[in-house]
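In order, the protein sequences belong to chains A and B. The first sequence: position 84 = 84 (UniProt numbering), numbered continuously. The second sequence: position 199 = 199 (UniProt numbering), numbered continuously.
These are calculated hints, taken from the structure and not from any lab test. Certain hints may be false.
[What the hints assert, rightly or not] Computed from the model, here is a short list of chain A residues facing chain B with C-beta under 7 Å: (1) S7; (2) R186; (3) T275; (4) I278; (5) M344.
[What the hints assert, rightly or not] Calculated lysine to aspartate or glutamate pairs in the EDC-like style (CA-CA distance at most 20 Å, straight line): (6) K191(A) <-> E239(B); (7) K191(A) <-> D242(B); (8) K350(A) <-> E239(B); (9) K241(A) <-> D242(B); (10) K30(B) <-> D263(A); (11) K30(B) <-> D345(A); (12) K104(A) <-> E263(B); (13) K338(A) <-> D366(B); (14) K219(A) <-> D111(A); (15) K168(B) <-> D263(A); (16) K33(A) <-> D111(A); (17) K155(B) <-> D167(A); (18) K168(B) <-> D111(A).
As the structure is a computational prediction, the values presented were derived from the model and not from experiment. Glycine included, C-beta positions come from ideal geometry on N, C-alpha and C.
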Amino acid sequence: MIRKNPSLKKCQLILFFLALCFLSGCSFKEIEKSAFIAGIGIDPSENSERPYKVSLKIFNQTGTVKDNPEPSYIYVSEEGKSITDAIRLLETKVDKRLEFGHLKIILLGEDAIKELQITDMLDFLMRRPDIQLISWVMVGRPSAEKVLQMVPETETAAYPSLYNYFDLNANESPYIITTYLFEFRRQFLEKGVEPVIPIIEIEQGQFVVDKAIVIGENKTFLELDSLDTKIFNILLNRAVKADLIVEHEDELFMVELDRFNMDYQAVENADGTVTLKITFDAKGLITESKNPLDVENLPKFTEWTEAKATEDGKKFLSKLKEGGFDPIGFGLYYKGSKLHNELMDYDEWKKQYKNAKIEFNINLNLTGTGQLG
Amino acid sequence: MSRYYYYLVLVNMFANIITSVPVILFQNRKDGAIISMILAMIVGLICITFFTKFFNSFPGKTLPDMLKQTMPKWFTVIFTFVLVIVWFVAGLITLITYTILLIRFLTPETSLVMGTITILLFVTFGCFMKADKVLYTIEIIFIITMPLIIFIFVKAYLDEHIEWLYIKVAFTHINTFPQIIPFAAVLFLFLGVMNLIIFNQFFTVKQTFGWKQISALTLIGSGVLFTTYFIPVGFQGFENIDTMMYPWISTADSMRMRYGVIERVVFIFLLFYLAFSVISLLIHWHVTIELLKSVFNFNKLKVRGIQVIPFIIITIFSLITIIAVQFINELNLYFFTSYFFVSLLFLVPCLMLVLWIIKRRFKQHDKKES
């Protein structure tokens, strides 16, 4: 047994009370003294001295949702020499401490990505430790500020409507591309793959999210229309389900595709040219048809569907290829396929990519014609 | 082997995969990181085997005991002091790294000194516990945090946003020549076994250590190394990962729990990280203090029956740490850590040599007696 020393006990007691001093709180600011930011928008300003125009969408705090069931926000915007400069000026416009930890929406204005340096914006967003890397990056049309300030009818308090498009809990439309900040960074900085970010438009008081933009090298951009966006989403297995319209003579039916699997390869041929190979597997179900369908003809329908899908896919790929855009990552595949010192140099690869042959294999499996024959 | 032995080895591995070791590896990702990793793993396993076999043949004996029995006094004192410095610095690096990190990510408003003192308060008194109590503490923390680590690792591997092509690209740099700093950094992961110099007093029964145990450690070691290096590459890309100060924190922040109570994995990660850093620190500084005990007689200086020397040591440790925390920033911490790892390349062979001599002298001693 350890001998208990009476003075030791006293010592322990003193230590215990000393330790209480540490319970004063970690100089943590009270929650009602913080202004939680829902989204940030970056636009170019007309002032060349202060090129960045930063807009913030800040949650307006209320005691309970019952007190204020309508969504309410505070919007502020300011121009600055850099993004941080603008934010410092914004801090003077809000009485609370700006808290970026809950920021989920990063809106880049359409002109911002074209006129300003994307690397500068990325630098700001990555350098701050409190900005989540799982926030969503998107392009606002006509400007980030306009999109940020839009509050559609369907919006509920404390959960911005834009979140629903991207959080994969509510809306799972195949037209929506979700790009996280960390994905945007790695694709933007890596040679051989290019980032694709969704474009948010406003139409009659609602958001429209069905287009996307590929950000190429040296400030080149390729806008994907809604069909291309859907194909891209299907190809990269990001969509859960997607529909395909098949027309053949006077037949017209819709196929709902699911369980996709896509494999892609970039193979360097012996003569130095490149072949891009894509194999695509999917299961499908006919969901709508103009004419009655016979189940026995299913192999025929499969054939037509495959032909249609191949046509769409090839068209999409050649558009990307001819513009020199590579959002799928063939360049990355090529980089990983050989030892680093046996690769052709990057400019040569770009040239070969533009002239590459495309092999597109589709294996569809139509499982039925729905509840009608 | 006793499970406590594995805790000693694993704590060093897991506590270090997140901080400086991956940063050093990514700095050298295009010149020799992968080969350095493989080489360091082989050497590390040899070290593990050597140290374990040695201490296994003297159950219950610590290195200071053996030094006293076989070596001249002056050598014992000098060598113990070298070990004291190395183990203290190992703990210091862990402490500074974690304090800077926690303040950066968890409580940005706390001052650096305040954060340091909070951790110091627990650790300094903790490392005066007996070896068995330290090991029990480790076990409790280990059992609580291990499921979390495994959860995060499995989540990382199964995440839909991990891009294996980047990992493949990283692999294509396998044919580059290994470098000394990444080699030393990876070797450090495997040196947790060196804590046996003190903790051997706990293992009083001779343990079995054969191929089964070695292959288990090989499996865990290679898994941990693969995860450390390739998971961040899969999430952050290969080309620019060297610009990240905390690749693993960023990687944890890139994971999202859609239906979790907390959406951001990074906070869970930081918590487990804190627990691991504390036990890693506890182990290192416990060894430091036990080594000091072997040189100084703690019973000599007593005021009213209480040993004073422990308090003096705590004060010195705290002072050094608090001063160091204010001088060291992230950049020179990186260099400081690299130099520390490289210095281990000299220390480990020295220690091995000393152990070999000790073993020989014990054998001669036994022969004379018989």
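Quiz item: If you check each hint against the structure, which ones fail?
Solution: The structure breaks hints 3, 4, 5, 9, 10, 13, 16 and 18; every other hint is satisfied.
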